[in-house]
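Each chain, letter by letter, is given below.
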Amino acid sequence: MPTDVPTHAAGVLRLADSTWTDASIKLGNSLGAIAGFLGVLLVVFFAAGRAKGRLTRPLAVAVLLGPAALLLAVGLVVPLVRTVFLSFHGDDSTRFVGGRNYGWAFTTPGIHDVLLTTLLWLVVAPLAATGLGLVLALLVDRMRGQAVYKSLIFMPMAVSLVGASIIWKFVYEARDPSQPQIGLLSQLAVSLGWEHPPNWILEQPLNNFLLMAVMVWVQTGFAMVVLSAAIKAIPDEITEAARLDGATGFQLFRSVTVPMIRTTLVVVLTTVMITTLKAFDIVRTMTGGNFGTQVLANEMYSQSFVQFDVGRGSALAVILFLAVTPLVAYNIVQLRKERSVR
Amino acid sequence: MSSAPSPVRRAFSSPLASILVIAVTVLWTIPTLGLLVTSLRPKQDVATSGWWEAFVHPDLGLANYHTVLFEDGFGTSGGLMPYLVNSLAISVPATLFPLVLAAMAAYALAWVRFRGADTVFFVIFALQIVPLQMALIPVLRLFSGGAHLGPVTLVPAVDLRGTYAPVWLAHTMFALPLAIFLLHNFIAQLPRDLMEAAIVDGASHFKIFRSIVLPLCTPALASFAIFQFLWVWNDLLVALTFSGGTSDVAPMTVRLAQLSGSFGGRWELLTAGAFLSLIVPLAVFFALQRYFVRGLLAGSVKG
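Keeping their order, the protein sequence lines are chains A and B. For what it's worth, full-length UniProt numbering labels the leading residue of the first sequence as 1, then goes sequentially. For what it's worth, full-length UniProt numbering labels the leading residue of the second sequence as 1, then goes sequentially.
Here chain A stands alone, though its shape is the one from the complex (with noise of 0.2 Å):
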């Protein structure tokens, strides 16, 4: 009918209005947050700005740290210790059942899977990251067009673990082999001439090493960047000394280079780690965590958030956090070595 056609355009108009007056409301909102902050701020340092005498330097702590560390009590350390609470309560965190939780999270066969799966993360991912990210390190020097090379693989850093997933997903898609393919993995299989390739991402367990690959593809471009400025810093009298000694080649990477930066490879080891133990995108968005490939972080986030048991889903956070603090603390006593140091 033709009375159709204007209503329907008055329509998508009305829907494009709306659109834009929407998202000048909502970047106002924004701007308007932005400029109460700094007119706060600005109000309390000029009126903590006149103090005298002997209140200046408390005064002075109060309003400079004060914020800072009143936001961290409430959003860390609070909730460490109240998550360390909720992991000894039931479903409901009013009844206390003891280590119930953690005996589950342990003896449950499907939770043994994830932590499993999560240990496999754990050790995969990373070495394969930083053992790449070395090597390109060490090759991409020498170069002409270095930037270039260094940009491309440092690229994937720039985006979201949501973005990656999505990218990786259509690489991976597979067809029926009677059709053609449209996912790049998929296609080159065929083209090898294998005739039934399978569905990449239901193949247990080759799917677990897919979507590490997706992490690795992320990860490396910072791990080689990293680590092509240890090396860098690595000063050329010692280089030349060994050298003198009569190493060469691969005898120098072992006994020169990589003890001269260790220090940063295990900073690189331990950043890629705790991203990788807390990073639940990829298993989210490629499989959601079925075909086997759930892990902790999602586990976590399901039970929590989707069974809705808070005393389950503690207890996986505690275990969590408690897989993190070796790394971290080792970490803070390489930094109060070197602090003692300066």
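These are computed hints drawn from the structure, not numbers from a lab. Cβ coordinates follow ideal geometry from the N, Cα and C atoms, glycine included. Take the hints with a grain of salt, since some may be wrong.
Which residues of chain A face chain B? A few of them, derived with a C-beta cut under 8 Å, are [stated by the list, open to error]:
1. L64
2. G110
3. A158
4. V159
5. V226
6. K278
Distance windows between CB atoms, simulated [said to hold, decoys possible]:
7. B:D72 - A:G28: 20 to 30 Å
8. A:H196 - B:P219: 50 to 60 Å
9. B:P191 - A:R95: 56 to 66 Å
10. A:I332 - B:V26: 32 to 42 Å
Knowing the structure of chain A, use the given hints to seat chain B on it.
Coordinates of chain B only, in the frame set by chain A:
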């Protein structure tokens, strides 16, 4: 920055090494290229042939982007535009708030002498251990139920649902340990003479902070700002927990994670949506990558 090649580097440089680097670079770039090409192809082409075919029969256009951004067809009334706006409205304040608060705290810890400053600094550094997952439930409860000590209400419940405030607050809280650590390293290295001269002149700490410290640490502030912006823009966990997933507040990442499950077959739309979410961080990355790298190195390479 070409220096004489060190023996180690020389040992690793050969045609084989160059081929390996080029191979990795190509391998690292192709998936994103495939996403971009797919997002520009018509629906029919995407469904029936691989994206590499587009180089043989190019038929590219921005139609998918229009659909994804503005039309109802992508599983959302009004398309992704509201979510894109949300991402922006979340990221800018959630970058600025922790930046300013962390700079203030870092200055206090470095230059306002008071007992226990070192201890506070190490406690803040150690707080980086706390996984976000641990803090989510308590912080969420605080927002929805307030804080009570027995019968005494310490903080009243504020209904912040449907606003950005919980997301901003959560991002600010979680960013502070790293931000204070990085900025402290920089601010503590400012010349002592300069600070003492300002105090002798009678300047208050607030004046010193505003007119000396902030301008001098602009590079550090800039690099952390980029880092934090990318992190907030790309975040899924905090947004998923604190925004409720509606077009009122939720950012692109939340919506895309949902759609990648339910719209798995509509690759022309999904790839366009994903590429939209990449444009801003990629632009920020390529424009400012020098500073971004410097910000990364501030935390990772010491000495």
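Against the structure, the hints come out as follows:
{"no.": "1", "hint": "L64", "verdict": "holds (4 Å)"}
{"no.": "2", "hint": "G110", "verdict": "violated (19 Å)"}
{"no.": "3", "hint": "A158", "verdict": "holds (4 Å)"}
{"no.": "4", "hint": "V159", "verdict": "holds (6 Å)"}
{"no.": "5", "hint": "V226", "verdict": "holds (5 Å)"}
{"no.": "6", "hint": "K278", "verdict": "holds (5 Å)"}
{"no.": "7", "hint": "B:D72 - A:G28: 20 to 30 Å", "verdict": "holds (25 Å)"}
{"no.": "8", "hint": "A:H196 - B:P219: 50 to 60 Å", "verdict": "holds (56 Å)"}
{"no.": "9", "hint": "B:P191 - A:R95: 56 to 66 Å", "verdict": "holds (59 Å)"}
{"no.": "10", "hint": "A:I332 - B:V26: 32 to 42 Å", "verdict": "holds (40 Å)"}
Consistency note: the structure conflicts with earlier hint 2 alone.
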